[in-house]
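Enquirer: Below, each chain spelled out in residue letters.
2 protein chains.
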Amino acid sequence: MIQFSNRLAQTEEYYFSKKLKEVKALKEAGKNIINLGIGSPDLAPPKAVFQDFEIALQQANAFQYQAYRGIDALRNALVQFYLNHYAVTLDEEEEVLPLMGSKEGIMLTSMAFLNEGDEVLIPNPGYPTYAAVTKLLNAVPKLYNLTEAENWHPNLAELKKMDLSKVKMMWINYPNMPTGADADHQRIQEIIDFALANDILLINDNPYSMILTEKPFSIFQLQNAHQVALELNSMSKSFNLAGFRTGFLVGNALFVNAVLKVKSNMDSGMFLPIQHTASKVLQLDKNWFSALNSVYKERREWIWKIADELQLSYSKKSTGLFVWAKLKGGENAEKLADQLLYNADIFVTPGKIFGSQGEAYLRFSLCVGINDLQICLERIKKFKNKSL
Amino acid sequence: MIQFSNRLAQTEEYYFSKKLKEVKALKEAGKNIINLGIGSPDLAPPKAVFQDFEIALQQANAFQYQAYRGIDALRNALVQFYLNHYAVTLDEEEEVLPLMGSKEGIMLTSMAFLNEGDEVLIPNPGYPTYAAVTKLLNAVPKLYNLTEAENWHPNLAELKKMDLSKVKMMWINYPNMPTGADADHQRIQEIIDFALANDILLINDNPYSMILTEKPFSIFQLQNAHQVALELNSMSKSFNLAGFRTGFLVGNALFVNAVLKVKSNMDSGMFLPIQHTASKVLQLDKNWFSALNSVYKERREWIWKIADELQLSYSKKSTGLFVWAKLKGGENAEKLADQLLYNADIFVTPGKIFGSQGEAYLRFSLCVGINDLQICLERIKKFKNKSL
Numbered sequence: 015m016i017q018f019s020n021r022l023a024q025t026e027e028y029y030f031s032k033k034l035k036e037v038k039a040l041k042e043a044g045k046n047i048i049n050l051g052i053g054s055p056d057l058a059p060p061k062a063v064f065q066d067f068e069i070a071l072q073q074a075n076a077f078q079y080q081a082y083r084g085i086d087a088l089r090n091a092l093v094q095f096y097l098n099h100y101a102v103t104l105d106e107e108e109e110v111l112p113l114m115g116s117k118e119g120i121m122l123t124s125m126a127f128l129n130e131g132d133e134v135l136i137p138n139p140g141y142p143t144y145a146a147v148t149k150l151l152n153a154v155p156k157l158y159n160l161t162e163a164e165n166w167h168p169n170l171a172e173l174k175k176m177d178l179s180k181v182k183m184m185w186i187n188y189p190n191m192p193t194g195a196d197a198d199h200q201r202i203q204e205i206i207d208f209a210l211a212n213d214i215l216l217i218n219d220n221p222y223s224m225i226l227t228e229k230p231f232s233i234f235q236l237q238n239a240h241q242v243a244l245e246l247n248s249m250s251k252s253f254n255l256a257g258f259r260t261g262f263l264v265g266n267a268l269f270v271n272a273v274l275k276v277k278s279n280m281d282s283g284m285f286l287p288i289q290h291t292a293s294k295v296l297q298l299d300k301n302w303f304s305a306l307n308s309v310y311k312e313r314r315e316w317i318w319k320i321a322d323e324l325q326l327s328y329s330k331k332s333t334g335l336f337v338w339a340k341l342k343g344g345e346n347a348e349k350l351a352d353q354l355l356y357n358a359d360i361f362v363t364p365g366k367i368f369g370s371q372g373e374a375y376l377r378f379s380l381c382v383g384i385n386d387l388q389i390c391l392e393r394i395k396k397f398k399n400k401s402l
Numbered sequence: 015m016i017q018f019s020n021r022l023a024q025t026e027e028y029y030f031s032k033k034l035k036e037v038k039a040l041k042e043a044g045k046n047i048i049n050l051g052i053g054s055p056d057l058a059p060p061k062a063v064f065q066d067f068e069i070a071l072q073q074a075n076a077f078q079y080q081a082y083r084g085i086d087a088l089r090n091a092l093v094q095f096y097l098n099h100y101a102v103t104l105d106e107e108e109e110v111l112p113l114m115g116s117k118e119g120i121m122l123t124s125m126a127f128l129n130e131g132d133e134v135l136i137p138n139p140g141y142p143t144y145a146a147v148t149k150l151l152n153a154v155p156k157l158y159n160l161t162e163a164e165n166w167h168p169n170l171a172e173l174k175k176m177d178l179s180k181v182k183m184m185w186i187n188y189p190n191m192p193t194g195a196d197a198d199h200q201r202i203q204e205i206i207d208f209a210l211a212n213d214i215l216l217i218n219d220n221p222y223s224m225i226l227t228e229k230p231f232s233i234f235q236l237q238n239a240h241q242v243a244l245e246l247n248s249m250s251k252s253f254n255l256a257g258f259r260t261g262f263l264v265g266n267a268l269f270v271n272a273v274l275k276v277k278s279n280m281d282s283g284m285f286l287p288i289q290h291t292a293s294k295v296l297q298l299d300k301n302w303f304s305a306l307n308s309v310y311k312e313r314r315e316w317i318w319k320i321a322d323e324l325q326l327s328y329s330k331k332s333t334g335l336f337v338w339a340k341l342k343g344g345e346n347a348e349k350l351a352d353q354l355l356y357n358a359d360i361f362v363t364p365g366k367i368f369g370s371q372g373e374a375y376l377r378f379s380l381c382v383g384i385n386d387l388q389i390c391l392e393r394i395k396k397f398k399n400k401s402l
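Chains as they are written, first to last, in our numbering: chain H, 15 to 402; chain D, 15 to 402.
Please keep in mind that the hints were generated in silico from the structure rather than gathered at the bench.
Heads up, some of the hints might be wrong.
[Claimed, not checked] Label pairs and their computed distance ranges (CB to CB):
hint, chain 1, residue 1, chain 2, residue 2, range
1, H, E130, D, M15, 17 to 23 Å
2, D, K175, H, N346, 43 to 49 Å
3, D, A101, H, D299, 37 to 43 Å
4, D, Q94, H, D322, 48 to 54 Å
5, D, N98, H, D322, 46 to 52 Å
6, D, N301, H, L97, 48 to 54 Å
7, D, K331, H, W302, 53 to 59 Å
8, D, G383, H, W302, 40 to 46 Å
9, H, N159, D, L268, 50 to 56 Å
[To be verified] Below are the DSBU-like pairs computed for lysine-lysine, each with C-alpha atoms no more than 35 Å apart in a straight line:
hint, chain 1, residue 1, chain 2, residue 2
10, D, K396, H, K294
11, H, K311, H, K294
12, H, K149, D, K41
13, D, K61, H, K61
14, D, K175, H, K294
15, D, K396, D, K311
16, D, K396, H, K149
17, D, K149, D, K61
18, H, K395, H, K41
19, H, K342, H, K319
20, D, K32, H, K149
21, H, K38, D, K294
22, D, K32, D, K180
23, D, K45, D, K294
24, D, K294, H, K61
25, H, K396, H, K149
Quick caveat: nothing in here was measured; it's all calculated off a predicted structure.
A virtual CB, placed ideally from N, CA and C, is assigned to each residue, including glycine.
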């Protein structure tokens with residue numbers, strides 16, 4: 015009998031991979047489910063994408079293998095993007111690595127730094143892939159709590175009390191998902207200093223910096239970040255290009271080259287037309303983002319109405335693609351999520367899939383049009399009449 | 015000081031990632047290098063690709079996240095492809111997993127089955143990624159020799175004599191790269207039986223089945239393969255779509271699902287227009303392959319002339335995208351490869367990058383047009399006059 019690897023025994027199929035099969039089955043059974051669960055931008059990508067792509071397809075080498083580092087134009091465009099939006103200066107030869115999405119970067123970076131048994135500081139609540147990848151490498155997730163009381167930032171005193179002797183890496187994610195907390199520069203500066211003092215690689219997963227933020231954040235705006243930090247960035251949310259699979263690793267040359275070494279042994283360069291198109295899209299100016307954010311602002315108002323109807327509490331200052339809303343009594347929100355799915359045909363993500371600190375919360379996505387949000391609100395009013 | 019993982023200490027940057035930088039530098043210095051080193055198809059992809067792609071780009075969900083299993087149309091098209099070309103029947107729901115290239119599949123499969131310290135039977139000579147990925151997972155490559163005397167198939171008696179107690183997986187690759195040996199059904203059947211008897215997962219890496227073969231081979235044409243084997247397939251060579259990053263894992267549901275579990279935790283579904291286009295292209299009939307192979311046949315004649323000029327020996331029965339040619343004295347071919355690069359402006363791959371059993375060989379790619387091959391022949395005649 016051929017045995018699977020041990021890593022597989024502790025690996026679940028990704029939550030959404032399973033749950034969306036159930037949603038698909040319900041749809042096929044005739045249910046008109048509205049999906050508020052997933053942060054997959056439904057809005058159109060920039061118009062120029064189509065024309066840029068068609069031009070890029072005609073290039074002589076469009077279908078040939080590409081270099082692992084990506085084309086110069088793409089790395090250059092990202093360097094300009096960092097300069098224009100974050101006021102951060104990067105070296106385009108050494109400090110930027112295009113990826114097939116930032117999710118891929120979580121595995122590549124972990125492989126470059128983690129040995130079996132190493133510990134990794136992971137936020138609770140947080141994106142489940144941090145822990146899943148850590149476990150796939152037989153390293154050990156060491157959860158640290160984020161709480162509403164501290165605006166979902168790590169409690170430094172608690173971190174310092176932990177046994178850090180085996181901790182090799184720490185994941186942070188600001189602007190934060192699922193909570194929507196924006197980056198608090200002072201608190202994150204303290205985390206950088208903490209990481210430096212303890213030889214911990216600090217990685218900021220940063221896909222939401224352009225969505226509903228006052229001012230785009232990059233960890234490299236802070237002091238000493240280049241010595242100890244990496245940042246993952248992505249075009250999925252900023253440009254409605256989730257399926258395009260384009261992300262980036264950013265940081266000092268030594269770290270980036272280590273990740274490149276891993277990457278070059280396990281995949282190949284990105285499809286050239288994607289790279290060309292991405293390098294054009296990155297040059298869009300602030301008007302793109304203000305138009306995008308005005309749509310999300312309007313949708314957020316509707317989600318707030320839905321949350322009010324469900325008597326949930328939430329912050330009106332949140333960033334990113336989600337509203338993170340709490341059952342006022344603090345009870346587990348999973349039951350409510352199931353009721354909404356089965357009795358109101360609305361799929362919402364229960365906060366506990368992001369960790370125990372999320373148990374009392376539901377996460378609502380802004381990737382749904384106003385019409386559907388209005389329908390959701392009506393359904394919830396009916397659902398309340400039925401169930402209460 | 016932040017330390018890299020141990021796996022990195024034994025990981026080289028992929029050979030071509032390094033070497034092509036050198037070739038690029040030589041070109042920038044004014045050298046007109048002709049690249050016979052890389053199997054990156056230079057011929058155009060099927061014409062319909064462009065139109066299919068442009069239609070697919072216009073779909074409403076073209077830029078949204080996709081399911082990890084791939085779209086139904088793509089899995090179905092691959093199942094039809096296996097039926098039409100290999101006479102192999104597969105279940106499209108459970109036995110087929112689209113990948114972003116078959117190279118990615120080497121890592122995903124290894125992660126699903128290997129623990130630290132497990133041993134993996136790897137061909138010498140063979141594609142360097144098998145050993146690189148094995149080492150990245152802190153598993154142990156256990157090389158088995160392929161020799162010209164046995165038409166580059168494993169010697170079963172030698173395999174049986176090995177200590178197999180820690181062997182978990184075995185890589186084979188027929189039609190074979192770099193040697194060009196076509197699959198010998200009887201010998202591979204024996205390997206399947208050997209794998210079954212020893213609880214070894216057998217993986218056939220199969221990107222060359224449509225190139226210069228008499229009859230396309232799949233391991234699932236052989237008895238009991240479904241119990242013990244997986245197969246990686248790819249569109250890179252069959253359809254001149256190397257940069258497109260589309261490949262497949264094929265095999266029994268239990269194995270494929272294990273790999274899906276890994277995959278869903280480390281990347282996302284493929285770009286929808288790529289999936290749509292790939293599903294159309296897979297439906298091309300035999301005329302596509304006969305036209306493609308007639309070009310490669312003509313080019314191969316020219317490579318044979320070049321090899322003759324260099325007094326190398328080679329088999330005229332070889333399959334795939336390369337000619338594998340030996341220095342008649344059996345001496346190391348790397349010196350000759352360097353001389354060709356620096357003195358004749360021709361990049362050829364020295365066989366030793368595929369393992370010690372390749373030391374006396376050079377690998378010539380068929381991915382170069384007749385004009386350039388004629389120039390190569392002229393250059394080699396001049397080079398011989400200079401150096402002899």
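Enquirer: Now, for every hint given, state plainly whether the structure supports it.
Expert: Hint check:
About 21 Å separates the C-beta atoms of H/E130 and D/M15, a value consistent with the hinted range of 17 to 23 Å. Separated by about 60 Å at the C-beta atoms, D/K175 and H/N346 break the suggested range of 43 to 49 Å. In this structure, D/A101 and H/D299 break the distance hint of 37 to 43 Å, their C-beta atoms being roughly 56 Å apart. Taking the beta carbon of each, D/Q94 and H/D322 are about 52 Å apart, inside 48 to 54 Å as hinted.
Look at D/N98 against H/D322: about 58 Å separates their beta carbons, and that is not inside 46 to 52 Å. A hinted range of 48 to 54 Å holds for the C-beta pair D/N301 and H/L97, which are about 52 Å apart. At about 58 Å, the beta-carbon gap between D/K331 and H/W302 stays in the expected band of 53 to 59 Å. Taken as a hint, the range 40 to 46 Å holds for the pair D/G383 and H/W302, whose Cβ atoms sit roughly 42 Å apart.
In this structure the supplied range 50 to 56 Å is violated for H/N159 paired with D/L268, their Cβ-Cβ distance being about 38 Å. For the hint pairing D/K396 with H/K294, the CA-to-CA distance comes to about 46 Å; that exceeds 35 Å, so the pair is violated. A threshold of 35 Å between alpha carbons decides the hint, and for H/K311 with H/K294 the separation of about 26 Å falls inside it, so the pair holds. Using a Cα cut-off of 35 Å, the hinted pair H/K149 and D/K41 is violated, with the two alpha carbons roughly 45 Å apart.
For the hint linking D/K61 to H/K61, the alpha-carbon distance of about 25 Å falls within 35 Å, and the restraint holds. Restraint check for D/K175 and H/K294: the C-alpha separation of about 58 Å exceeds 35 Å, so the hint is violated. At roughly 26 Å between alpha-carbon atoms, D/K396 and D/K311 fall within 35 Å of each other, so this suggested pair holds. In summary, the hint linking D/K396 to H/K149 is not supported, as the alpha carbons are separated by about 58 Å, beyond the 35 Å threshold.
A C-alpha spacing of about 40 Å is found between D/K149 and D/K61, which places the hinted pair above 35 Å, so the restraint is violated. The straight-line distance between the Cα atoms of H/K395 and H/K41 is roughly 22 Å, inside the 35 Å bound, and the hint therefore holds. The hinted pair formed by H/K342 and H/K319 meets the criterion: a straight-line CA distance of about 15 Å does not exceed 35 Å. For the given pair, D/K32 sits about 31 Å from H/K149 by alpha-carbon distance, which is consistent with the 35 Å threshold.
Simply put, H/K38 and D/K294 have alpha-carbon atoms about 25 Å apart, close enough for the 35 Å limit, and the pair holds. At roughly 33 Å between alpha-carbon atoms, D/K32 and D/K180 fall within 35 Å of each other, so this suggested pair holds. The suggested pairing of D/K45 with D/K294 is violated, with an alpha-carbon distance near 40 Å, which exceeds 35 Å. A distance of roughly 26 Å separates the Cα atoms of D/K294 and H/K61; the hinted pair therefore holds under the 35 Å criterion.
The hinted pair formed by H/K396 and H/K149 fails the criterion: a straight-line CA distance of about 43 Å is larger than 35 Å.
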